[in-house]
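Asks: Letter by letter, the chains look like this.
There are 4 protein chains.
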Amino acid sequence: MIVEMRIGATQEEIDTVVQRVRSFGWDVQLNRGTEKTVVAILGSNTGQVSTDVFAVLPGVVSVTRIMKPYKLASREVKAEDSLVSINGIEIGGKRIVVMAGPCAVESEEQLTEAARAVKDAGASILRGGAFKPRTSPFSFQGLEQAGLELLAKVKERFNIPVITEVVDSRHVNMVSRVADILQVGSRNMQNFTLLTAVGKSKCPVVLKRGFSCTVTEWLTAADYLLAEGNNQVILCERGIRTFEDSTRFSLDISAIPVIKKYSHLPVIVDPSHGTGRRDLFTSSGDS
Amino acid sequence: MIVEMRIGATQEEIDTVVQRVRSFGWDVQLNRGTEKTVVAILGSNTGQVSTDVFAVLPGVVSVTRIMKPYKLASREVKAEDSLVSINGIEIGGKRIVVMAGPCAVESEEQLTEAARAVKDAGASILRGGAFKPRTSPFSFQGLEQAGLELLAKVKERFNIPVITEVVDSRHVNMVSRVADILQVGSRNMQNFTLLTAVGKSKCPVVLKRGFSCTVTEWLTAADYLLAEGNNQVILCERGIRTFEDSTRFSLDISAIPVIKKYSHLPVIVDPSHGTGRRDLFTSSGDS
Amino acid sequence: MIVEMRIGATQEEIDTVVQRVRSFGWDVQLNRGTEKTVVAILGSNTGQVSTDVFAVLPGVVSVTRIMKPYKLASREVKAEDSLVSINGIEIGGKRIVVMAGPCAVESEEQLTEAARAVKDAGASILRGGAFKPRTSPFSFQGLEQAGLELLAKVKERFNIPVITEVVDSRHVNMVSRVADILQVGSRNMQNFTLLTAVGKSKCPVVLKRGFSCTVTEWLTAADYLLAEGNNQVILCERGIRTFEDSTRFSLDISAIPVIKKYSHLPVIVDPSHGTGRRDLFTSSGDS
Amino acid sequence: MIVEMRIGATQEEIDTVVQRVRSFGWDVQLNRGTEKTVVAILGSNTGQVSTDVFAVLPGVVSVTRIMKPYKLASREVKAEDSLVSINGIEIGGKRIVVMAGPCAVESEEQLTEAARAVKDAGASILRGGAFKPRTSPFSFQGLEQAGLELLAKVKERFNIPVITEVVDSRHVNMVSRVADILQVGSRNMQNFTLLTAVGKSKCPVVLKRGFSCTVTEWLTAADYLLAEGNNQVILCERGIRTFEDSTRFSLDISAIPVIKKYSHLPVIVDPSHGTGRRDLFTSSGDS
Chain A
23 MIVEMRIGAT
33 QEEIDTVVQR
43 VRSFGWDVQL
53 NRGTEKTVVA
63 ILGSNTGQVS
73 TDVFAVLPGV
83 VSVTRIMKPY
93 KLASREVKAE
103 DSLVSINGIE
113 IGGKRIVVMA
123 GPCAVESEEQ
133 LTEAARAVKD
143 AGASILRGGA
153 FKPRTSPFSF
163 QGLEQAGLEL
173 LAKVKERFNI
183 PVITEVVDSR
193 HVNMVSRVAD
203 ILQVGSRNMQ
213 NFTLLTAVGK
223 SKCPVVLKRG
233 FSCTVTEWLT
243 AADYLLAEGN
253 NQVILCERGI
263 RTFEDSTRFS
273 LDISAIPVIK
283 KYSHLPVIVD
293 PSHGTGRRDL
303 FTSSGDS
Chain B
23 MIVEMRIGAT
33 QEEIDTVVQR
43 VRSFGWDVQL
53 NRGTEKTVVA
63 ILGSNTGQVS
73 TDVFAVLPGV
83 VSVTRIMKPY
93 KLASREVKAE
103 DSLVSINGIE
113 IGGKRIVVMA
123 GPCAVESEEQ
133 LTEAARAVKD
143 AGASILRGGA
153 FKPRTSPFSF
163 QGLEQAGLEL
173 LAKVKERFNI
183 PVITEVVDSR
193 HVNMVSRVAD
203 ILQVGSRNMQ
213 NFTLLTAVGK
223 SKCPVVLKRG
233 FSCTVTEWLT
243 AADYLLAEGN
253 NQVILCERGI
263 RTFEDSTRFS
273 LDISAIPVIK
283 KYSHLPVIVD
293 PSHGTGRRDL
303 FTSSGDS
Chain C
23 MIVEMRIGAT
33 QEEIDTVVQR
43 VRSFGWDVQL
53 NRGTEKTVVA
63 ILGSNTGQVS
73 TDVFAVLPGV
83 VSVTRIMKPY
93 KLASREVKAE
103 DSLVSINGIE
113 IGGKRIVVMA
123 GPCAVESEEQ
133 LTEAARAVKD
143 AGASILRGGA
153 FKPRTSPFSF
163 QGLEQAGLEL
173 LAKVKERFNI
183 PVITEVVDSR
193 HVNMVSRVAD
203 ILQVGSRNMQ
213 NFTLLTAVGK
223 SKCPVVLKRG
233 FSCTVTEWLT
243 AADYLLAEGN
253 NQVILCERGI
263 RTFEDSTRFS
273 LDISAIPVIK
283 KYSHLPVIVD
293 PSHGTGRRDL
303 FTSSGDS
Chain D
23 MIVEMRIGAT
33 QEEIDTVVQR
43 VRSFGWDVQL
53 NRGTEKTVVA
63 ILGSNTGQVS
73 TDVFAVLPGV
83 VSVTRIMKPY
93 KLASREVKAE
103 DSLVSINGIE
113 IGGKRIVVMA
123 GPCAVESEEQ
133 LTEAARAVKD
143 AGASILRGGA
153 FKPRTSPFSF
163 QGLEQAGLEL
173 LAKVKERFNI
183 PVITEVVDSR
193 HVNMVSRVAD
203 ILQVGSRNMQ
213 NFTLLTAVGK
223 SKCPVVLKRG
233 FSCTVTEWLT
243 AADYLLAEGN
253 NQVILCERGI
263 RTFEDSTRFS
273 LDISAIPVIK
283 KYSHLPVIVD
293 PSHGTGRRDL
303 FTSSGDS
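Chains as they are written, first to last, in the numbering used here: chain A, 23 to 309; chain B, 23 to 309; chain C, 23 to 309; chain D, 23 to 309.
Looking at chain A on its own, in the form it has when it is part of the complex (with noise of 0.2 Å):
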């Protein structure tokens, strides 16, 4: 349920909301725009009492139910596009926004060789992978920790941010202190423990879209993320499982639209595993 209070609240007239909301154990988020404060309720079995309860409240001006899986990451909870800055960098606003590395640091020559040329053609954000999540356990798995320390000697020496993959949520704490946005991979989109773990770490996150998710389970599963506090949340369209056997995978561009209207996150879209032929990916941003 969404609480949408009138311009020029009170603080008391909020706490009254949330002390209420409270009471029945349930969680509250409150977005506070610029004109007025939302106050989203978040709770397992909401759906058993009445919006009344929160309508007769002073300062409420409408109580409203979510409808769809999806709370914190829907536009009912927040109607304006939400931005996240990079070092400076805004991704989710009008100006494209190029990531681009190799998909797993292997040494310190490769990935110094792709940050120059990464630079040079003018992309903002280093992309490089220390943790491999492979679907056989006798892939080479990455450079792990060894692949974090060069991602953060390069990173320093060329002044440019970078994203790298977590794949275990125990790492997270590790991997968010060399990068600056945190990547988690299609197949974690589901793995809740690891959402839960990147959430509570505040760090800027991309989040992949599951090959065979939905829209709606993808924007559920940023909930996890916003869900613990972390508002840095980015989307990334990366490809969907379908019949058609000529690509990898097929790239769902008809999802950004859908994401657009529905979602307040930026979403970004990595053309490299639709195609199979170029390991880079650009925002969509409102272009």
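Bear in mind the hints are in silico, worked out from the structure with no lab data behind them.
There could be a bad hint or two in this list.
[To be verified] Estimated spans, in silico, between C-beta atoms of each pair: (1) C:Ala-168 / D:Cys-125: 54 to 62 Å; (2) A:Phe-46 / D:Gln-132: 22 to 30 Å; (3) C:Ala-168 / B:Asp-142: 53 to 61 Å; (4) D:Lys-141 / C:Asp-49: 37 to 45 Å; (5) C:Asp-267 / A:Lys-141: 37 to 45 Å; (6) B:Lys-224 / C:Glu-166: 23 to 31 Å; (7) B:Glu-166 / C:Ile-29: 41 to 49 Å; (8) B:Ser-129 / D:Asp-267: 32 to 40 Å; (9) C:Thr-134 / B:Asn-195: 39 to 47 Å; (10) C:Met-196 / B:Asn-195: 21 to 29 Å; (11) D:Gln-132 / A:Arg-54: 39 to 47 Å; (12) D:Val-40 / C:Gln-132: 52 to 60 Å; (13) D:Glu-166 / C:Asp-267: 33 to 41 Å; (14) D:Lys-116 / A:Pro-91: 39 to 47 Å.
[As the list claims (entries may be wrong)] Under the rule of at most 25 Å between Cα atoms (straight-line distance), these lysine-lysine pairs were calculated in the DSS-like manner: (15) D:Lys-283 / D:Lys-58; (16) B:Lys-154 / B:Lys-116; (17) C:Lys-154 / B:Lys-90; (18) C:Lys-58 / C:Lys-90; (19) B:Lys-58 / B:Lys-282; (20) A:Lys-154 / D:Lys-222; (21) B:Lys-141 / B:Lys-175; (22) C:Lys-282 / B:Lys-154; (23) C:Lys-141 / C:Lys-175; (24) D:Lys-90 / D:Lys-282; (25) D:Lys-116 / D:Lys-283; (26) A:Lys-154 / D:Lys-90; (27) A:Lys-282 / A:Lys-116; (28) A:Lys-222 / D:Lys-283; (29) B:Lys-154 / C:Lys-90; (30) C:Lys-224 / C:Lys-175; (31) B:Lys-177 / B:Lys-154; (32) C:Lys-154 / B:Lys-222; (33) A:Lys-90 / D:Lys-154; (34) C:Lys-154 / C:Lys-283.
[Stated by the list, open to error] Residues of chain A clear of chain B, computed beta-carbon distances all greater than 10 Å: (35) Glu-26; (36) Thr-86; (37) Lys-116; (38) Glu-128; (39) Thr-157; (40) Ala-168.
Don't be surprised by glycine CBs; every beta carbon is placed ideally from N, CA and C.
Given chain A, put chains B, C and D in place with the hints provided.
Replies: Same frame as chain A, but now just chains B, C and D:
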């Protein structure tokens, strides 16, 4: 199999190859490029004959087996992009071509208004369905012959080429008397009877992708049109069926570069089904 | 809309309902059960007329709108299971019926041998394709008319009913002179021209599921057959297209109970495409 | 690579092979069959070494590369069916084993009643979820530790083994103290951190198929469990995501014979998600 002749091969050399092919009971198609001629050998059991049979003939440069199921639609048979020209409007070239109009022709007023809007918006080709392939027999099946007459009238009045769907092989002559471009719909992409009839008509045709057909199946279906000598074939990506349910279909944008790579045929995009929101489609051209 | 008449409704009462329906320009189908008659109203805009128009007529017990896209195939129009009887072999009843035979008829020897094996194995119906809908125009398209003649010969010799595919509306008469059951293949499930022709023929028909069509689309396609008065319709689940690539198609076994619930039509299963291993199919009957 | 030893190979011969493997930095798993021993070589770059390196060693009969991405789950590494035995109940053998119970443990009364019904119905194993992986953070996540305690109580009272889900690698020890079988759910099939932890626990485990993962990916995920030395792995087909929308998932029954052919692991079927109607699953065994 593809037999590539030397630059400047004589007619006699080409005829010799053709006769040798025909002696096996196979068909032949000649692609006379600006520089050299390519002979496509078409038959159901060409795999049982050695390429040497043709390689030894005078004027032959190379003989290649086409491993893909599609032959005439492949770049191996024809390396240069095919262009389809409709009243001077070139589809498959550098200029963006827009086709627009109502899903179904409903009345003279509606079609007139649509034609005016289409012209005003700078679109080049008017689209409208007289015959509609409806999933239920109890749905409106289009104005049929009366719809065709309206198309003819409006086409003349606005001097704009029209594209309209054909659903029955017995209608091909009737429809192509009015239509500048025939449209074969998604559900008929593998209606081989209809494809053969449209192929024989030699009328320009837009072949929409079956909503669950692979790119390979689509190009192989195009071979049915090309095999009858109809070279004015335009492909149209219109979205595929996936698990995603926030859009009716998922526009498979990744298919465009795949087709550009493997086929010489022009491909356009119909974004209306993918998003379910706008009824227009745009030539992808070379851009 | 479905108009249910009282038990023992007179012919006059029924005629009155039928005439009222026709006055709107709609079609009608009567289902005369052992106890009572149900009048199905068939038209493209029945939603615009109140059910009261029919509810007030004498002998009418109830008037219900059918919310599903399919009408005649639904249990709402006909509550009891439909049986299709082929030379005394009942399809859709308690006995398991097996149909078997080669994919394509190739020669008299092959078909004779197959028929003998089929009989010896206790199967009841011989299957074999004379017309084959091939994805490439350069593949073997079946023996066509010569194949039909072989089927006629072997059918008489072994006194066994045959099922064979029809791919072109213009062939329906020719094929149904030999076939005891026509088969409409997966790629033609939404070839409405063909469905209408097969419907008019009144010949028993197996309607295979389009490999990417939903159960709802499949039952709606069956309506095309039923709307022409052909009640001898058998559905055949043969596998759907999914992302899984270890089998050519995934047999959608879950579809059987869904169909049993929503439709009165018998449904059989063709496991050959799903596994790509055995070319036989089995009646699911009630078991 | 698979090194097959001669019948009656000595321990010394086997040790020599193992040491040679380890000299490359690779891991090794021994399958000691009743007749002969097979040495599986596990490493990320085995493709760079010639099979001859091992073929020349004494006692070696053959050396084969495994071309499939999965190794330990393949029949090439282990030809005979694997059986998993739970308190004398054999899974993967000829007897049908039924596991049943509520989706989530809700209360002692509910679980007691369920256990009684399960026993009365002749099922062998009680199922119930204490930890539930919910798509929304605002849904009921299960009774968690309290649910485990209820399972322990009811298990003892009814003397019935229990299976319950584990969702977090940090819970594996806690859950396996109560559970006779751990369950890894569909959304965690590629949660490699969790798989590794469950592998290390050596506790019997049911690995449910990711709802959009191929059979190949599924068997490769099983390798994560097997690589840690946990041989008590049971696969569970529970339906895949397809375009069909009349059921929540489509039970991929065709996957069972594929797995039986390529893997030695037992596979069971959970029909509850496919149809969305009954919450029980059945061993496919050999029947």
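Asks: Against each hint, give a clear statement of whether it holds in the structure.
Replies: Here is what the structure says about each hint:
1. C:Ala-168 / D:Cys-125: 54 to 62 Å: holds (59 Å)
2. A:Phe-46 / D:Gln-132: 22 to 30 Å: holds (24 Å)
3. C:Ala-168 / B:Asp-142: 53 to 61 Å: holds (58 Å)
4. D:Lys-141 / C:Asp-49: 37 to 45 Å: Since Lys-141 (chain D) and Asp-49 (chain C) have Cβ atoms about 57 Å apart, the given range 37 to 45 Å is violated.
5. C:Asp-267 / A:Lys-141: 37 to 45 Å: Cβ of Asp-267 (chain C) to Cβ of Lys-141 (chain A): about 40 Å, so the range 37 to 45 Å holds.
6. B:Lys-224 / C:Glu-166: 23 to 31 Å: Check passed, 25 Å falls within 23 to 31 Å.
7. B:Glu-166 / C:Ile-29: 41 to 49 Å: Holds, since Glu-166 (chain B) and Ile-29 (chain C) (Cβ atoms, about 42 Å apart) stay within the stated range.
8. B:Ser-129 / D:Asp-267: 32 to 40 Å: holds (35 Å)
9. C:Thr-134 / B:Asn-195: 39 to 47 Å: holds (43 Å)
10. C:Met-196 / B:Asn-195: 21 to 29 Å: At 23 Å between Cβs, range holds.
11. D:Gln-132 / A:Arg-54: 39 to 47 Å: With Cβ atoms ~43 Å apart, the hint holds.
12. D:Val-40 / C:Gln-132: 52 to 60 Å: holds (55 Å)
13. D:Glu-166 / C:Asp-267: 33 to 41 Å: holds (38 Å)
14. D:Lys-116 / A:Pro-91: 39 to 47 Å: holds (43 Å)
15. D:Lys-283 / D:Lys-58: With a Cα-Cα distance of about 21 Å, the restraint between Lys-283 (chain D) and Lys-58 (chain D) holds, given a limit of 25 Å.
16. B:Lys-154 / B:Lys-116: violated (32 Å)
17. C:Lys-154 / B:Lys-90: With Cα atoms ~20 Å apart, Lys-154 (chain C) and Lys-90 (chain B) stay inside 25 Å; holds.
18. C:Lys-58 / C:Lys-90: OK: Lys-58 (chain C) and Lys-90 (chain C) at ~23 Å, within 25 Å.
19. B:Lys-58 / B:Lys-282: With a Cα-Cα distance of about 22 Å, the restraint between Lys-58 (chain B) and Lys-282 (chain B) holds, given a limit of 25 Å.
20. A:Lys-154 / D:Lys-222: Holds, at about 20 Å.
21. B:Lys-141 / B:Lys-175: holds (16 Å)
22. C:Lys-282 / B:Lys-154: violated (31 Å)
23. C:Lys-141 / C:Lys-175: holds (16 Å)
24. D:Lys-90 / D:Lys-282: Distance ~15 Å between Lys-90 (chain D) and Lys-282 (chain D) Cα, so the pair holds.
25. D:Lys-116 / D:Lys-283: holds (17 Å)
26. A:Lys-154 / D:Lys-90: Holds - the C-alpha atoms of Lys-90 (chain D) and Lys-154 (chain A) are around 20 Å apart, at most 25 Å.
27. A:Lys-282 / A:Lys-116: Since the Cα atoms of Lys-282 (chain A) and Lys-116 (chain A) sit roughly 14 Å apart, the hinted pair holds (cutoff 25 Å).
28. A:Lys-222 / D:Lys-283: violated (45 Å)
29. B:Lys-154 / C:Lys-90: Satisfied, since the Cα-Cα distance of roughly 20 Å is no more than 25 Å.
30. C:Lys-224 / C:Lys-175: Holds, at roughly 23 Å.
31. B:Lys-177 / B:Lys-154: holds (19 Å)
32. C:Lys-154 / B:Lys-222: holds (20 Å)
33. A:Lys-90 / D:Lys-154: Given pair Lys-90 (chain A), Lys-154 (chain D) holds - Cα atoms ~20 Å apart, limit 25 Å.
34. C:Lys-154 / C:Lys-283: violated (33 Å)
35. Glu-26: holds (26 Å)
36. Thr-86: Holds: least Cβ distance 21 Å, greater than 10 Å.
37. Lys-116: Holds: least Cβ distance 23 Å, greater than 10 Å.
38. Glu-128: holds (27 Å)
39. Thr-157: holds (20 Å)
40. Ala-168: holds (35 Å)
Hint check: violations occur at hints 4, 16, 22, 28, 34; the rest are consistent with the structure.
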